[in-house]
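A.B. asks: Residue-level listing of the chains:
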Amino acid sequence: MSPPILSISAVTKTYKGGFTALQPIDLAIERGEIFALLGPNGAGKTTLISIVCGTVAMTSGQVLVDGHDTRTSYRTARSMIGLVPQEIALDIFATIWDTVVFSRGLFGKPPNPAYIESLLRDLSLWDKRDSRVIELSGGMKRRVMIAKALSHEPELLFLDEPTAGVDVALRRDMWALVRRLRDTGVTVILTTHYIDEAEEMADRVGVIDGGRLLLVERTAQLMRKLGKRRLTLVLQRPMATIPPELDGWPVELAADGQQLVYSFDANAEDTGIPTLLRLLGEKGIDFKDLDTSRTSLEDIFVRLVERVA
Amino acid sequence: MSRSSLNVTGMWAIYRTEMARMMRTILQSVATPVITTALYFIVFGGAIGSRMQSVGGVDYGAFIVPGLIMLSLLTQSISNASIGIYFPKFTKTIFEILSAPLSFGEAVLAYVGAAATKSILLALIILATATAFVPVHILHPVWMVAFMVLTSIAFSLFGFIVGIWAESFEQLAVIPALVVTPLTFLGGAFYAIDMLPEPWRTISLFNPVVYLVSGFRWSFYGVGDVGVGASLGFTALFMALCLAILWWIFRTGYRLKP
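So the sequence lines, in the order shown, correspond to chains A and B.
Per our numbering, the first sequence starts with residue 29, numbered consecutively.
Per our numbering, the second sequence starts with residue 96, numbered consecutively.
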């Protein structure tokens, strides 16, 4: 069996100032999957991928790319990786063509004008190939960053916040590109703090906060958790116990019996709400107000952090 | 690419891009030092030199040629190499170099090689300019080239260190302005050390540039302030010191890798 395309073992990072950005992190990424690292700003997402790519030195631990240690076999490991950092960083005086060709050479690959051409066409940059970076729009610059990262045909692509500050059209383009890459066998790891982006794109999601990887799950499962919603009924008359008629319903009392809270799956075909309300009406349980809420990302983080602590 | 082989393609990519960057500004890069040097020749060689005796049997105008070339070589090597590595740091494109399958030594070689190449080209242009003003003859051409190559590499290494150290354009300018220019002017570019009164003559012997200018002048006219061996020895020592500092930077990731 071939090793995972990326294997992170007990990686930690403490910056010189004493700030611990990463607690021991263990993570294995399978070949060909799209993996989203989901977490708020400052969670450690960028630090983690920077360690894998070699732009930040880890404090302890080990990273293997296709079985190659990123420290002892860094040439082999790095030549398999493409990185698109969060911030646009380009030599603004170079032309698109020159800067992309430079990246390919830097990664030790022999020239391949045909491949670079198809790459630039794919990213709608071909017509602008002789333009200098300084003349390009923000969206185009971001695509140049992607072209550079793909110039050496990496097997593992990191996209750090690919859609931060990007308009809707470009965001859709980006998602389409990631799917096309996956179809060609490239493994994609992206970071995001948008839950819907993770949902849209990823096969698996890792939730990271405070330098800890709180959970790694298949997207569908995570969304089932995140998709939980709550219906809160403010009762006319407070109740001390849940009436027996509601046995088997996922309900609980809150606010000293003044509220009845029903949890349901927003994605399910039958949420059970009409049945519940009819049942309450029949039993004469009146309510004066109702409210529904979705479990927020913050709620999930808080719960996960509490569970880990 | 095999695990142990050098990333020659990667080094070549950096070298070529650096040379292209210099060529983009070819006019400033060549015109400025050529005009400056021409002015030195007119003022020191023509106006003042005509009223001066020859130095050590060499006509004053010709005497200052090696010093002027050395002055350009030093300042250009430092500024080329320091900007070469500082610019990617400033634009944050350095991430690409750091994430490439390229060793630190290979990156240094590529950047320093490009900086040294450019300053040698410039030195040769200045030498050609000088021949238009004064009769120049070169006694030991091989040694002259050797001194050029060694000096440009040594000071490009030094410039590379400055570029890594600098965190602003001000800091980038401060080392050449505050350290290198004074050392060069007091390094015997325009006079022989024994023309200085004591204690300056002795103090001058602690100025590293004296050894470079002296050795370089010896390759032209066969005379120098210090022995050619001392000149070579010093250049080698300086290069070794720079390499040691770079080794330390590599080991600690100083100002490159957090």
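Source of the hints: derived by calculation from the structure; they are not laboratory data.
Please read these numbers as outputs of a predicted model, since none were measured by experiment.
Be aware that a few hints might be false.
Claimed, not checked - Using 30 Å as the maximum straight-line C-alpha spacing, the simulated BS3-like pairs for lysine-lysine come out as follows:
| # | chain 1 | residue 1 | chain 2 | residue 2 |
| --- | --- | --- | --- | --- |
| 1 | A | 169 | A | 156 |
| 2 | A | 137 | A | 156 |
| 3 | B | 352 | A | 156 |
| 4 | B | 187 | A | 169 |
| 5 | B | 352 | A | 316 |
| 6 | A | 169 | B | 352 |
| 7 | A | 253 | A | 169 |
| 8 | A | 253 | B | 184 |
| 9 | B | 187 | A | 253 |
| 10 | A | 316 | A | 256 |
| 11 | A | 137 | B | 352 |
| 12 | A | 311 | A | 256 |
| 13 | A | 256 | B | 352 |
| 14 | A | 137 | A | 169 |
| 15 | A | 44 | B | 187 |
| 16 | A | 253 | B | 352 |
| 17 | B | 352 | B | 187 |
| 18 | A | 44 | B | 352 |
| 19 | B | 352 | B | 184 |
A.B. asks: For every hint, state whether the structure bears it out.
C.D. replies: Evaluated hints:
1. For the suggested pair residue 169 of chain A and residue 156 of chain A, the alpha carbons sit about 11 Å apart, so the restraint of at most 30 Å is met.
2. For the proposed pair residue 137 of chain A and residue 156 of chain A, the alpha carbon gap of about 23 Å is at most 30 Å, so the pair holds.
3. With a C-alpha separation of about 34 Å, the suggested pair residue 352 of chain B and residue 156 of chain A falls outside the 30 Å cut-off, and the hint is violated.
4. Between residue 187 of chain B and residue 169 of chain A the CA atoms are separated by roughly 14 Å; this keeps the pair inside 30 Å, and the hint holds.
5. A hinted pair counts as satisfied when its Cα atoms are at most 30 Å apart, and residue 352 of chain B with residue 316 of chain A does not qualify at roughly 61 Å.
6. In summary, the hint linking residue 169 of chain A to residue 352 of chain B is supported, as the alpha carbons are separated by about 25 Å, within the 30 Å threshold.
7. Our distance criterion of 30 Å between C-alpha atoms is broken by residue 253 of chain A and residue 169 of chain A, whose separation comes to about 37 Å.
8. Restraint check for residue 253 of chain A and residue 184 of chain B: not satisfied, since their Cα atoms lie roughly 43 Å apart, outside the 30 Å limit.
9. Taking the CA atoms of residue 187 of chain B and residue 253 of chain A, the gap is about 39 Å. The hint is violated against a cut of 30 Å.
10. Using a Cα cut-off of 30 Å, the hinted pair residue 316 of chain A and residue 256 of chain A holds, with the two alpha carbons roughly 24 Å apart.
11. A distance of roughly 25 Å separates the Cα atoms of residue 137 of chain A and residue 352 of chain B; the hinted pair therefore holds under the 30 Å criterion.
12. For the proposed pair residue 311 of chain A and residue 256 of chain A, the alpha carbon gap of about 26 Å is at most 30 Å, so the pair holds.
13. Restraint check for residue 256 of chain A and residue 352 of chain B: the C-alpha separation of about 43 Å exceeds 30 Å, so the hint is violated.
14. Simply put, residue 137 of chain A and residue 169 of chain A have alpha-carbon atoms about 23 Å apart, close enough for the 30 Å limit, and the pair holds.
15. The hinted pair formed by residue 44 of chain A and residue 187 of chain B meets the criterion: a straight-line CA distance of about 20 Å does not exceed 30 Å.
16. Restraint check for residue 253 of chain A and residue 352 of chain B: not satisfied, since their Cα atoms lie roughly 39 Å apart, outside the 30 Å limit.
17. For the proposed pair residue 352 of chain B and residue 187 of chain B, the alpha carbon gap of about 12 Å is at most 30 Å, so the pair holds.
18. For the given pair, residue 44 of chain A sits about 11 Å from residue 352 of chain B by alpha-carbon distance, which is consistent with the 30 Å threshold.
19. Proximity of residue 352 of chain B to residue 184 of chain B is assessed by CA-CA distance (about 11 Å); at most 30 Å being required, the pair is judged to hold.
In this structure, the hints that do not hold are numbers 3, 5, 7, 8, 9, 13 and 16, in rising order.
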